[in-house]
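Taken in order, these protein sequences are the chains called A and B.
Our numbering puts the first residue of the first sequence at 611, with every later residue one more than the last.
Our numbering puts the first residue of the second sequence at 97, with every later residue one more than the last.
Hints should not be assumed to be uniformly reliable.
[Said to hold, decoys possible] Here are the simulated DSS-like cross-link-like pairs (lysine-lysine), alpha carbons at most 27 Å apart as the crow flies: (1) K731/A x K638/A; (2) K776/A x K752/A; (3) K202/B x K775/A; (4) K100/B x K776/A; (5) K738/A x K202/B; (6) K776/A x K202/B.
[Stated by the list, open to error] Here chain B is said to cover these stretches of chain A; the calculated rule only asks that three of the stretch's residues, wherever they fall, bring their Cβ under 8 Å from a Cβ of chain B: (7) 683 to 695; (8) 725 to 736.
Simulated from the structure, these hints should not be mistaken for lab results.
Bear in mind that the values here come from a model prediction, so they are computed numbers and not experimental data.
Note that the Cβ used here is the ideal one computed from N, Cα and C, for glycine as well.
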Amino acid sequence: MAVLILSLALFGIAFLVQVIMWRIYLPKNHSAMLGLIFLIILGFGLFVLAVFNFFGFSSQWVWIQKAQLILLFLCLAIAYIISYSAVEAQSPSIEMVIRIARAGSAGLSRDELAARMSDEKLVLPRLKELLDSKMAILKDAKYRLTPLGRNFIMAFVAYGNLLGKKQKGG
Amino acid sequence: MFFKIFAPFFGLIINAFIQILSYKYIVRYKLLESVYFGFFAGMAATFISGRYALAVNLVMYLVLSYLYFHFINLGETGRRIRLLRELYDSREGLSLDELLARYNGKEVLENRIQRLINNGQVILRANRYYIGRPHMLLISRALSVLRLMLLGRGK
Chain A
611 MAVLILSLAL
621 FGIAFLVQVI
631 MWRIYLPKNH
641 SAMLGLIFLI
651 ILGFGLFVLA
661 VFNFFGFSSQ
671 WVWIQKAQLI
681 LLFLCLAIAY
691 IISYSAVEAQ
701 SPSIEMVIRI
711 ARAGSAGLSR
721 DELAARMSDE
731 KLVLPRLKEL
741 LDSKMAILKD
751 AKYRLTPLGR
761 NFIMAFVAYG
771 NLLGKKQKGG
Chain B
97 MFFKIFAPFF
107 GLIINAFIQI
117 LSYKYIVRYK
127 LLESVYFGFF
137 AGMAATFISG
147 RYALAVNLVM
157 YLVLSYLYFH
167 FINLGETGRR
177 IRLLRELYDS
187 REGLSLDELL
197 ARYNGKEVLE
207 NRIQRLINNG
217 QVILRANRYY
227 IGRPHMLLIS
237 RALSVLRLML
247 LGRGK
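Given only the sequences and the hints, what does the whole structure look like? Please build it.
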């Protein structure tokens, strides 16, 4: 239970550090900074644990407990960083739900819903992100996958093939 | 002892295995139902194999299952994933017009509104859309609170 409590406490501290930091200075690369915050807080937690153990303030932690602490904390950190993208950029589905909710009992027609759903808003920014993250390149007016993009998409293609899915989603 | 700390990962493997099997042979191509099947099978496997520090193992399994669900969801709904798939299927590359002919804002709208209707989040009545189940609305409100907390009103 101590492992669970300490992992959650460290996660809470990392979140608090993020809130304070974001209010003072918004970093350019949110995910990279989040990753750094989580690693520093993990290191800090392990250091404090070692000090407590050294001076006999707490019971001795065996290596297996430390391994569990690291694994659980890293899993929580990855889950948070992945979910954070929903804070950075509004999902179209969520935007649609918000607009339908705002319309209340009057409801929303398809045309009203489609009014702000253009290629410029929904597709082109994502295409630019692929170029920025070097997953795709634009060469001779053609978009192509880079080796990084190909390796990344292979996991999804393989999973889709395993399920026998024909639809591409999106 | 060494195996015990990897019980959640063992649970995740069982989760994925059962999810794929159930998708193909039990629930017959209903993705969300197959996710539930996999999740509970993996949880049972974690419970049986991870009795050492059960609470930690179960929480870690929940987080790993969330990551797996996120992977599935990304493949289903991610716009970047869809664009990468279109480029993957076109070895010669695609011009912007060709890419937009295959995937565009209209299709994003169609796919998403259909999913929201299928999941009961949105109701279509007399050619107008209304909120159905409020789950997605609650998620959007939770995200708004988090956004406000992190970014404030001004940013």
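* Asked: With a cut-off of 8 Å between beta carbons, are at least three residues of the region 683 to 695 of chain A near chain B?
  -> Three-residue rule met by the region 683 to 695 of chain A, so holds; n is 6.
* To do: Starting from K776/A, check that the Cα of K202/B is at most 27 Å away, please.
  => 20 Å, holds
* To do: Decide if the proposed pair is consistent with the structure: K738/A and K202/B, CA atoms, cutoff 27 Å inclusive.
  => It holds: about 19 Å lies between the C-alpha atoms, which stays within 27 Å.
* Are the Cα atoms of K776/A and K752/A separated by 27 Å or less? -> Holds, at roughly 25 Å.
* Restraint status (C-alpha distance of K100/B to K776/A at most 27 Å) -> Judged against 27 Å, a Cα distance of about 39 Å means the pair is violated.
* Does the structure keep K731/A and K638/A at a Cα separation of 27 Å or less? -> Cα-Cα ~21 Å, so holds.
* Decide if the proposed pair is consistent with the structure: K202/B and K775/A, CA atoms, cutoff 27 Å inclusive. => 22 Å, holds
* Residues of the region 725 to 736 of chain A with Cβ under 8 Å from chain B, three needed, outcome -> holds (count 8)
In this structure, the one hint that does not hold is number 4.
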